[in-house]
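S.K.: Read off the chains here:
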Amino acid sequence: MAIGCSLAADPAWLVRRDNGARRSMSGIEFRDDHPEWSQWMAAAQEGDTDAYRRLLHAIAPLLRRVAARRLQGASAADVEDVVQEVLLSVHAVRHTYDPARPFVPWLMAIERHRLGDWIRRARRRANEIAVDSLEEAAADHAARTDDEQAFDGRAVQAAVAGLPKAQRTALELLKLKEMSLKEAAAQTGMTETALKVATHRGMKTLRRLFGKDAG
Amino acid sequence: MVDTDTVIERLARSAQPVRRLPSPGRRVLRWLSMGLPVIGLFGIIMGARPDLGTKLSEPAFVVPFVAAFATAVFAAHAAFASSVPGTPRWWLWLPAPPFALWVGSLGRQCWQDWLRLGADGIVFELDFACLPTIAIVGAVPAIAMVMMVRRGAPLMPRLTAFFGALAAAALAYVGLRLVHLEDAALMVLVWQFGAVALLATVSGAFGRGLFASRC
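These protein sequence lines are chains A and B, in that order. Numbering-wise (the UniProt record's numbering), the first sequence opens with residue 1 and increments by one. Numbering-wise (the UniProt record's numbering), the second sequence opens with residue 1 and increments by one.
Don't read these hints as lab results, they were simulated from the structure. Built from N, CA and C at the ideal position, the CB exists for glycine as well. Warning: the hint list may mix true and false statements.
[As the list claims (entries may be wrong)] To list a few chain A residues with every Cβ distance to chain B over 12 angstroms, as calculated: (1) Ile119; (2) Ala186; (3) His200.
[What the hints assert, rightly or not] Rough simulated footprint, nothing fancy, chain B against chain A, three-plus residues with beta-carbon under 8 angstroms: (4) 49-63; (5) 109-118.
Chain B extracted, bound-state conformation:
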């Protein structure tokens, strides 16, 4: 076994200057500066929904929309913070409140539809387009996230991957809501939110291969 002093000497001799990792907050801003133009471009190419002006004045649309955006921001922050040693654990809980608000507002609308229309009035159809759309729109934010998060320390790779994918998918959901005319609460919950949850969970399972360095 090589003695520790020898290891220290070898490490010291091989110490090259390194580019310091910016704070998680700065990295979130950088990530948004890459992701938001893509969402905007998607809106321009697909065309904003014609009733967007009206919808932006309806709490039933605005609350989950804003909550999804906040989830994207805080999940991105959690992804970056989780790869910095010594970051307080409570930072990782920040995405929870907007996420709960997002799910809760969609669930509440489902419940209200149920009370108002009964079982027969609930619209539920197969809409498999949401998953690939969210995956495609979220691809650029996801790639940007992977490239940025790879520079961190792989302390909790699965959690980091989960938060990163959640951030990218939530941002894609925001873009989808700007163009997609689907408003039936159950449809939005199952197909759009469901796609976000599925992508985040699957990505989390493959988190170990995410990082460039080993900690």
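Just chain A, same shape as in the assembly:
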């Protein structure tokens, strides 16, 4: 996966323009005069679910545009993944928004943070895959073929796909997407305890399946 950006080296995320609009360093332009967003968030802080729903639907396209522009080369699913993570973060820290201040810089600071996390995770995964591939190649070079390695990948996918839905969802969110329990609970509607139990059972099943094969 090619990730063509570095947020850490991007201190000036926002650049004010003469016409009062702002643009990110990636070139996305957006207005920072969305008074209705600020009002909806203020209402959401008071518990107005309709205003909150309107706000989240209104900001999602902006989050999507910024993420797509920043994560050049990432798939649409990855972009949507980031959008959902930002929405979860907005939800978790919505009490930090001060309606006396503009809304968009608050929102963009959260998205920048989540994008930074996502990019770091993607690089780490890419490194792990590279290291794993090297080690495997050294160990199995003579014995294994590409077809066999591809079969292993498919076998893991098939095993995960064969798990009960709760276990599959818990593994995907907690292990693959590295969400916190709180975030995964908010996304799935499951309790944190239920997620822990589902993860434990899913891992146990996978270990049993592949442990036997390995032994």
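Given chain A's structure and the hints, the job is docking chain B onto it.
M.R.: For chain B alone, kept in the frame of chain A given last:
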């Protein structure tokens, strides 16, 4: 993968009213209202240094004293501001001038002692009491800081923890200067200021575990 509209619907349905985070300035005042009485109590219990009246008229005492207090105030503000998304970055530089004045005034006194007394005249002894004293006196401001800062967004947890610990330790230093008779510049710089710097740096390293929510 759950689609974004579903995530939005779940988040909107689970939106409870939230207690809005006060501005960083208000939180600094609240923090001082908890920390200053402790410093005052420490002064009453330990007894103010007998020459305090004279010392308060000496620039060599007053300048680092006031600079340390200003560092505590601005570092507390930076700690709170760093956990609010969208806060302008320049707020985080506010502790730098008083901090530089504090270190600079202590360094200048060391240099003047060196010029006046030479190497043999510089007093340097082991005084390990400063670190635990500053840690103990700063404990209540530090605990108050942790409890207050935990409600923010963990955008820069290490920096937030560093500023928070710096604020608490600088306030403890202010209290220590009111009761402790140590005036040798090098001793103050190494043991008292050194304790502040050590506590702030160590706390910064453990910043990730500080926050209640994840952003």
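S.K.: Starting from the hint list further up, note which numbers the structure goes against and sort them upward.
M.R.: 2
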